[in-house]
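Asks: Sequence:
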Amino acid sequence: MAESKVYFADLRTKLGESILVKMERLIRAAGIDQIDFEDKFVAIKMHFGELGNLAFLRPNYAKVVADIVKSLGGKPYLTDCNTLYVGSRKNALEHLDTANLNGFSPMSTGCQVIIADGIKGTDDVEVPIEGAEFCPAPKIGRAIMDCDVFISLNHFKGHEETGFGGALKNIGMGCGSRRGKMEMHNAGKPVVNEDLCIGCKMCSKFCAHDAAVIENGKATIYHDRCVGCGRCVSVCPKDAVETAFDEAKDVLHKKIAEYSKAVIQDKPNFHISIVRDVSPYCDCHAENDAAIVPNVGMFASFDPVALDMACADAVNSQPILANTLLSESKHQDRDHFGKVFPTTNWRVGPEYAEKIGLGSREYELITVK
Numbered sequence: 001m002a003e004s005k006v007y008f009a010d011l012r013t014k015l016g017e018s019i020l021v022k023m024e025r026l027i028r029a030a031g032i033d034q035i036d037f038e039d040k041f042v043a044i045k046m047h048f049g050e051l052g053n054l055a056f057l058r059p060n061y062a063k064v065v066a067d068i069v070k071s072l073g074g075k076p077y078l079t080d081c082n083t084l085y086v087g088s089r090k091n092a093l094e095h096l097d098t099a100n101l102n103g104f105s106p107m108s109t110g111c112q113v114i115i116a117d118g119i120k121g122t123d124d125v126e127v128p129i130e131g132a133e134f135c136p137a138p139k140i141g142r143a144i145m146d147c148d149v150f151i152s153l154n155h156f157k158g159h160e161e162t163g164f165g166g167a168l169k170n171i172g173m174g175c176g177s178r179r180g181k182m183e184m185h186n187a188g189k190p191v192v193n194e195d196l197c198i199g200c201k202m203c204s205k206f207c208a209h210d211a212a213v214i215e216n217g218k219a220t221i222y223h224d225r226c227v228g229c230g231r232c233v234s235v236c237p238k239d240a241v242e243t244a245f246d247e248a249k250d251v252l253h254k255k256i257a258e259y260s261k262a263v264i265q266d267k268p269n270f271h272i273s274i275v276r277d278v279s280p281y282c283d284c285h286a287e288n289d290a291a292i293v294p295n296v297g298m299f300a301s302f303d304p305v306a307l308d309m310a311c312a313d314a315v316n317s318q319p320i321l322a323n324t325l326l327s328e329s330k331h332q333d334r335d336h337f338g339k340v341f342p343t344t345n346w347r348v349g350p351e352y353a354e355k356i357g358l359g360s361r362e363y364e365l366i367t368v369k
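Residue numbering for the sequence shown follows our numbering, starting at 1 and increasing by one per position.
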């Protein structure tokens, strides 16, 4: 495929000039002004950080993007979907509380925060896509599919399942509803932790296939009836219905790419990655380990595949920081993510994304001063 343009700015600033000014210059140089924003609803998809994690992007970055969108006539909102795992963002109320506690508010960002798949993670849209091997109709949060223009703003960092988390991870996994996340993560069906189950019957009430049954005061999920929709996971008040998280990692990569295609296939889209505080694990953790390499900079592109490749190449070219998870691996080559997480091949995701038409792994890197 032809090379895609990826724009890069380092984190050096002139005396008296904010890094946020430089970020705006990068985004405009990358061509965001080419999009027609006039009177359009614009979803800015980002991660608000799990409580206890301090590596997530500060809300200041989001404000830069929101202000640019407003200057071009658009109506921006920050958005994300609820998590599948138990944490501080598993329903919209806790998710909004977490976003507020981590600094995301209309005052700090210049726009509203909307949780895309609703209070319990059940408000989604099935979006048919062509060429899918695994997920022909990804389940995407409704408030994301309702947008006219889609922008991803992500913190580029390591990830134990996919090697790194960048644009594709932010779009694909991040925009999936709770049942969408279950479809991506699981090869199997949910199970019940009887120690947590109180027999409240919420799972059986919402199961459309009579798979969730209360027996002897505890719930049981009959897998021969279960279709894996994840509704029981969403509605359990005690988090007793658990998911397996057992999908093969190569398949997970490909499902994420298919979900990404569902989000951006029919609308203008633009992508920004901030490569700093490159923690080895996802911002979904309630903690963050030390950054494995020095801060790199900011990247922007219309092509999320090229963007991920440029960021990965930039991180892999960096020296290893001492006293980090990466330094403990004692490796000498330049595949940092592969050495931190040797059980996953991060290249599978971009390769498959290119195959299904999401973009190109080949890129031209253009530096913005």
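Some hints here could point you the wrong way.
[Unchecked claim] In silico DMTMM-like pairs for lysine to aspartate or glutamate, Cα to Cα no more than 20 Å straight-line:
{"#": "1", "residue 1": "63", "residue 2": "24"}
{"#": "2", "residue 1": "5", "residue 2": "224"}
{"#": "3", "residue 1": "70", "residue 2": "148"}
{"#": "4", "residue 1": "70", "residue 2": "123"}
{"#": "5", "residue 1": "5", "residue 2": "351"}
[To be verified] If you anchor each label on the Cβ, the simulated ranges turn out as follows:
{"#": "6", "residue 1": "20", "residue 2": "223", "range": "45 to 53 Å"}
{"#": "7", "residue 1": "323", "residue 2": "208", "range": "48 to 56 Å"}
{"#": "8", "residue 1": "343", "residue 2": "73", "range": "45 to 53 Å"}
{"#": "9", "residue 1": "54", "residue 2": "33", "range": "32 to 40 Å"}
{"#": "10", "residue 1": "86", "residue 2": "369", "range": "50 to 58 Å"}
Simulated from the structure, these hints should not be mistaken for laboratory data.
Note that the structure is predicted; figures quoted are calculated from it, not measured.
We put the CB at the ideal spot given by N, CA and C, even for glycine.
Asks: Evaluate each hint against the coordinates.
Replies: Going through the hints against the structure:
In summary, the hint linking residue 63 to residue 24 is supported, as the alpha carbons are separated by about 10 Å, within the 20 Å threshold. Between residue 5 and residue 224 the alpha-carbon distance is near 49 Å, which puts this suggested pair outside the 20 Å criterion. Proposed proximity of residue 70 and residue 148 is supported: the alpha carbons are some 14 Å apart, at most 20 Å. In summary, the hint linking residue 70 to residue 123 is not supported, as the alpha carbons are separated by about 27 Å, beyond the 20 Å threshold.
A distance of roughly 18 Å separates the Cα atoms of residue 5 and residue 351; the hinted pair therefore holds under the 20 Å criterion. The hint said 45 to 53 Å for the Cβ distance between residue 20 and residue 223, and at roughly 51 Å that hint holds. One distance hint, 48 to 56 Å for the beta-carbon pair residue 323 and residue 208, holds here, with the actual separation near 52 Å. About 47 Å separates the C-beta atoms of residue 343 and residue 73, a value consistent with the hinted range of 45 to 53 Å.
Roughly 33 Å separates the CB atoms of residue 54 and residue 33, a value that falls within the hinted 32 to 40 Å. Remark: the range hint 50 to 58 Å for residue 86 to residue 369 is contradicted by a beta-carbon distance near 45 Å.
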